[in-house]
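Q: Chains as they are written, first to last, in this note's numbering: chain A, 105 to 655; chain B, 8 to 300.
A portion of the hints provided could be inaccurate.
To be verified - Stretch by stretch, here's where chain A covers chain B in the computed footprint (C-beta under 8 Å, at least three residues):
| hint | stretch |
| --- | --- |
| 1 | 108–115 |
| 2 | 174–186 |
| 3 | 190–202 |
| 4 | 230–236 |
| 5 | 257–270 |
Hints listed in this document are in silico derivations from the structure and should not be mistaken for laboratory results. Where a beta carbon is used, it is the ideal one built from N, C-alpha and C, also for glycine.
One-letter residues, chain by chain:
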Amino acid sequence: MSMTTAGVLFVLSLVVALVAVHRPFGDHMYRVVAGTRSSRVERGIYRLVGVDPAAEQTWGVYARSVLAFSAVSLLFLYAFQRLQNHLWLSLGFDPVVPHGAWNTAVSFVTNTNWQWYSGESTMGHLVQMAGLAVQNFVSAAVGIAVAVALVRGFARSRTGELGNFWVDLTRVTLRILLPIAVLGALALMLGGVVQNLSGGTDVTTLTGGAQTITGGPVASQEVIKELGTNGGGFYNVNSAHPFENPTAWTNWLEIFLILVIPFSLPRVFGRMVGQKRQGYAIVAVMAILALASITLTNVFELTGDGTVPQAVGAALEGKEVRFDVSNSATFAAATTLTSTGAVNSFHDSYTALGGMMTLGNMMLGEVAPGGVGAGLYGLLILAVITVFVAGLMVGRTPEYVGKKIGSREIKFASMYFLITPALVLTGTAAAFATGNASTALNVGPHGLSEVLYAFTSASNNNGSAFAGITVNTPWWNTALGLCMLLGRFLPIIFVLALAGSLARQQPTPASEGTLPTHRPLFVGMVVGVTVVLVALTFLPALALGPLAEGL
Amino acid sequence: MRLPSWLSQHLAALRAVLVFTVLLGLLYPLALVAAGRLPGLDGRADGSLLTVDGRTVGSSLIGQSFTDADGNPVPRYFQSRPSAAGDGYDPTATAAGNLGPESVVDTLSADPADSTSSLLTQVCARSKAVGELDGVDGRRPYCTPDGVGAVLAVFRADGLTGRITRVVSVNQAAPATPFVTTWQGVPVEAARPGDDYVAEGGIVTPVRGDAPARPAVPADAVTASGSGLDPHISPAYARIQVARVARERGADPAAVRRLVAEHTTGRALGFMGEPGVNVLELNLALDEAFPAR
Numbered sequence: 105m106s107m108t109t110a111g112v113l114f115v116l117s118l119v120v121a122l123v124a125v126h127r128p129f130g131d132h133m134y135r136v137v138a139g140t141r142s143s144r145v146e147r148g149i150y151r152l153v154g155v156d157p158a159a160e161q162t163w164g165v166y167a168r169s170v171l172a173f174s175a176v177s178l179l180f181l182y183a184f185q186r187l188q189n190h191l192w193l194s195l196g197f198d199p200v201v202p203h204g205a206w207n208t209a210v211s212f213v214t215n216t217n218w219q220w221y222s223g224e225s226t227m228g229h230l231v232q233m234a235g236l237a238v239q240n241f242v243s244a245a246v247g248i249a250v251a252v253a254l255v256r257g258f259a260r261s262r263t264g265e266l267g268n269f270w271v272d273l274t275r276v277t278l279r280i281l282l283p284i285a286v287l288g289a290l291a292l293m294l295g296g297v298v299q300n301l302s303g304g305t306d307v308t309t310l311t312g313g314a315q316t317i318t319g320g321p322v323a324s325q326e327v328i329k330e331l332g333t334n335g336g337g338f339y340n341v342n343s344a345h346p347f348e349n350p351t352a353w354t355n356w357l358e359i360f361l362i363l364v365i366p367f368s369l370p371r372v373f374g375r376m377v378g379q380k381r382q383g384y385a386i387v388a389v390m391a392i393l394a395l396a397s398i399t400l401t402n403v404f405e406l407t408g409d410g411t412v413p414q415a416v417g418a419a420l421e422g423k424e425v426r427f428d429v430s431n432s433a434t435f436a437a438a439t440t441l442t443s444t445g446a447v448n449s450f451h452d453s454y455t456a457l458g459g460m461m462t463l464g465n466m467m468l469g470e471v472a473p474g475g476v477g478a479g480l481y482g483l484l485i486l487a488v489i490t491v492f493v494a495g496l497m498v499g500r501t502p503e504y505v506g507k508k509i510g511s512r513e514i515k516f517a518s519m520y521f522l523i524t525p526a527l528v529l530t531g532t533a534a535a536f537a538t539g540n541a542s543t544a545l546n547v548g549p550h551g552l553s554e555v556l557y558a559f560t561s562a563s564n565n566n567g568s569a570f571a572g573i574t575v576n577t578p579w580w581n582t583a584l585g586l587c588m589l590l591g592r593f594l595p596i597i598f599v600l601a602l603a604g605s606l607a608r609q610q611p612t613p614a615s616e617g618t619l620p621t622h623r624p625l626f627v628g629m630v631v632g633v634t635v636v637l638v639a640l641t642f643l644p645a646l647a648l649g650p651l652a653e654g655l
Numbered sequence: 008m009r010l011p012s013w014l015s016q017h018l019a020a021l022r023a024v025l026v027f028t029v030l031l032g033l034l035y036p037l038a039l040v041a042a043g044r045l046p047g048l049d050g051r052a053d054g055s056l057l058t059v060d061g062r063t064v065g066s067s068l069i070g071q072s073f074t075d076a077d078g079n080p081v082p083r084y085f086q087s088r089p090s091a092a093g094d095g096y097d098p099t100a101t102a103a104g105n106l107g108p109e110s111v112v113d114t115l116s117a118d119p120a121d122s123t124s125s126l127l128t129q130v131c132a133r134s135k136a137v138g139e140l141d142g143v144d145g146r147r148p149y150c151t152p153d154g155v156g157a158v159l160a161v162f163r164a165d166g167l168t169g170r171i172t173r174v175v176s177v178n179q180a181a182p183a184t185p186f187v188t189t190w191q192g193v194p195v196e197a198a199r200p201g202d203d204y205v206a207e208g209g210i211v212t213p214v215r216g217d218a219p220a221r222p223a224v225p226a227d228a229v230t231a232s233g234s235g236l237d238p239h240i241s242p243a244y245a246r247i248q249v250a251r252v253a254r255e256r257g258a259d260p261a262a263v264r265r266l267v268a269e270h271t272t273g274r275a276l277g278f279m280g281e282p283g284v285n286v287l288e289l290n291l292a293l294d295e296a297f298p299a300r
């Protein structure tokens, strides 16, 4: 079997698996977020936290709860890193430098997991498992909670109530993330992912050299890193490391874990608004964009254009033998289509156009299928913009699942969309204007790609990198930290404001003039609007970077 | 006393962070550490360590360098891929090379310590070295016979257009002989260390040359992996090393080839990933079957 055939089967098997689980798993998630009964453990948690699980929150209170939880998490994580030398299992590492600790705290709280540091030589085991990995769970739960709150805005009417953040956070963590994490971690351990508290085993190699075989609670962090679309590796080289991703089948499993929640959440949307077909339409948009991107990334990488890939005979620099080109390209597409940012191969050494695909995936706004929760609310915003554009064309009041999209709603949606490009392009320009772009390893168009990639990744909360760039400087850590923070929480505020505004409305019954939003026509329009918006925003920047290099 | 709501929100947040830290940051990972002690999982959870005569020699998942103290390949061992992790295969400094597909111009300096190689030159140099070690043709497209990137800086009268005024082979420092004597009628100069021909306006022109499109030295032998710890090489790279290893050990090449086959893993379930040869396990098996003379 050729590598291409095997690569196609690899993608098809993922598609089949996702199609098979998205309904039952989506239904499970629906029951979790729509249910009202609390388990004993959950009641205990509510008591400890001091919240009333029955109390509903308005959008403002919900937003303030999200922000309060994230702010405290950020301070906690910052202090944890600064004090790590006083704690157990620090492996003798120094406290993390202030600008680095700030960057990492923001990075993990915002579900970005951008990493300026090398895990194996910076973070002790306790910081990794009790600091960073905890945020892997809860930042993912925050994303799902916000998405659910937005869906409640569509589903409810004439109310200010959007649910209770603390309840959503707890239930999503305990009933969705944790059980899969335990099973997934055990599966990864079977494949060879390490899970211990060892500070490393010194060995003498066959030829008499010294090597330290590193240890750590890797499996427990690896699984939630993928499932929660976080992406922060235990080790510097992330999922390329044989202790994080030892075999071809663990590679398959990790891609599956990345995609399973984002692709199943539209089912939750469909169930909550009482029209499953609306969920199918959303998942169709995600699937079309994702398949197109995965296919193109594979084509570009397997073709292997460019001087070095031609000299080598394959685009194999930065890729592992056990994954080779195709399975690496599929992972790269999956990790950038979601907000994961884990890598099993190094995007910096991809072909110019293959690398552009990873950049373009993030620029799509990570909606195909996007990060856990963030992908669904991002795509619902795009659907709102699409009905608005369509409404303008035919001269009717735009509606989406029974809610009118008036000027207030479209303002929130537009603000949401504009934040990320503003951060990406301003940040990139600032890096060049201040001379800080000179830390890029490569020169010319590829150097621009490295800087553009860094700001795109941070502002979209992805966290992957064109890793050639050196970002461990106060300027970079501060600037990227700000992009991550604003790129996460400003959109969340606008989403919740939109949810509040929708929830207050009386539903509009569908009439003959209503644009059906579950038909292929609408699916095609959302795909078109998404691609056009992104192309209009980022084409000039892409033309100077990867396009200049690859064409 | 009733707290203001902003304060009670933050206190709830603090308590939530602490509760989840205990639950997800301690109980969950430690339970899995405990599960990793179960028979069947314990070896793997501890890093799949390999032991010979009571001595731990490495991990079956982590590659090693099979080089001597000076970094030269030890010929009786199968060689691993190039590695960008520390000085090579250092698990405490994992890294990829991160140079891009058009990294083709070296920085040549009078002091060799300040010179940096482009990815193309690294590929060419590795290919030449492997070719010499294993007695196969080390030529590659876009590489010079002396093992650097075959790249010209072409200067034209009007910048991008006009007649050619000067051509420099940018990766070959004098006194090296340029890989072509003339380019479109203009004599080719060797590069002078310290000069930046790209900044001076030379058009970077990689030259394909007449090397075969499928070089004898396989792709994985000339590229660094993503992790810098790749435990595998391709079956093709193992194949070209068989003759040398067999000769060094006085073994029958067919027997060595059988050992290679035994340590080759196929695709998982027949379609996931690519076949690979675990280099450390293969070398351990060799030491056992054909101890060094």
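Q: Are the hints correct? Go through all of them and say.
A: Results for each hint:
no.: 1; hint: 108–115; result: holds (count 4)
no.: 2; hint: 174–186; result: violated (count 0)
no.: 3; hint: 190–202; result: violated (count 0)
no.: 4; hint: 230–236; result: holds (count 7)
no.: 5; hint: 257–270; result: violated (count 0)
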